[in-house]
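Asker: What follows is the residue order along each chain.
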Amino acid sequence: MSMQQTLPLPGVAPERTGGGYRRDHLLVAEMVRPGSRVLDVGCGDGELLQLLESRGIDGRGIELSREGVNGCVAKGLAVVQGDADTDLVNYPDDAFDYVILSQTLQATRQPKVVLENLLRIGQRAIVSFPNFGFWKMRLQLLIGGHMPRTENLPASWYDTSNIHFCTIKDFVELCEQINVKMERAVALDLYGRPVPLNLPWWVWNMFGEQGVFLLSRGSGK
Amino acid sequence: MDRGLSGTRVRTLAIACSTRHSAQNIAFHELGRQAVMADPDWRGGRYVDEDTHPHRGLAVARMAAHITYLSDAALHRKFGRRMQDRELPTFSFDADFQVESYLRYQGSSFVERFDANSYLYLTRAMDYFDIAADHNGVLAKAFTGIKTRFCVVSFTSDWLFPTSESRALVHALNASSARVSFAEIETDRGHDAFLLDVPEFLEISRAFLLAAGKARGLNDGGTQS
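The listed protein sequences derive, respectively, from chains A and B.
My numbering numbers the first residue of the first sequence as 1 and each following residue consecutively.
My numbering numbers the first residue of the second sequence as 1 and each following residue consecutively.
Hints are supplied without guarantee of correctness; some may be wrong.
Below, computed lysine-lysine pairings styled on DSSO-like, alpha-carbon distance capped at 30 Å [said to hold, decoys possible]:
1. A:K136 - A:K169
2. B:K78 - A:K75
3. A:K181 - A:K169
4. A:K112 - A:K169
5. A:K75 - A:K136
6. B:K147 - B:K214
7. B:K141 - A:K75
8. A:K136 - A:K112
9. A:K75 - B:K147
These are calculated hints, taken from the structure and not from any lab test.
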């Protein structure tokens, strides 16, 4: 039996750009107050940092890949080669107003420890991640019977760097467990558009292709 | 390194360096100084008066130092166990191996251009270098309020000023909110990589300098490699 690689369903080829910037980046940038200090963990080629700096935000980055660091330095950005799992401990408490973890949480070895570090270093954290509860993922596992692969996550299970997938529901539960306050939560669909706010959580968890959360420290319980 | 601490519009490219001399750095310097002072021609430092030169001691000092600039892998790649102008070992203390011949050459050419007492004082001065010590042992305090932009680069095979030293500098700079970039370059060429054609290293240096130039309104045209 020949199993198709991707299901023949609508919603392919996501158009995720808006005015030259990725929609999720624009959403993140909109969550950051102007004039604040930001650390972008896993900043890639520095696209988000550039967007933030163009808005008068003092941005710094950490990036694992040397090509990424090179590209950032060429853009005049302050980016340090490092690993979210091992290097965040070296940053002092309250060093930043915001710490951003964009599409990186699922690639860390210890997501919970990383999340705790984000909110130690920063007053607030902005975390975005692919939602494994997205309907396309569910269908691929349910109907196709294989590990889901999407346009945004095309790697096979054996060569993916994403080792800790979660759903939006899972993430919300983790935040509650480690006493993290969710100040804002947005689910973006495959096109980078927000899923309407008035819909219940299960709809977000089903139709959100990714979740974007603005977090702060919960009241110490 | 110290120079990077002053000035508001300064940019510092810190390559394969450290904020202090480590115990191993001091140990190798001590080896070199002892070699110089063990040379009878050193004459308690008064060799100029007595018209001698502690060339042998200074050459040994340089040979030891030169090894620290390279790496195990680089030495092996360059020389292996190859013989110098001969097929078989002579079973003497002559330079049978190419690596011996190379080191002897490095030593003897160095003495032509370096004064022995200067070597002693210079290495000694470097041993006392410790930025944190001047700030109650807290390195980050040295950078408080600093406006300088830093780009720190280290090399994977550098055992003279290893990446850990560069990372300590980066952490201190981060802790004091300085603008800092950092990259560790993969190479087997040891500390001397900073003198050599290591494309990734040249690329990031170029990127940092170009960004600095752009910030001052300089045109980056015509600098293409």
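Asker: Hint by hint, say whether it matches the structure.
Answerer: Verification of the hints:
| no. | hint | in the structure |
| --- | --- | --- |
| 1 | A:K136 - A:K169 | 16 Å, holds |
| 2 | B:K78 - A:K75 | 37 Å, violated |
| 3 | A:K181 - A:K169 | 15 Å, holds |
| 4 | A:K112 - A:K169 | 15 Å, holds |
| 5 | A:K75 - A:K136 | 36 Å, violated |
| 6 | B:K147 - B:K214 | 17 Å, holds |
| 7 | B:K141 - A:K75 | 28 Å, holds |
| 8 | A:K136 - A:K112 | 26 Å, holds |
| 9 | A:K75 - B:K147 | 18 Å, holds |
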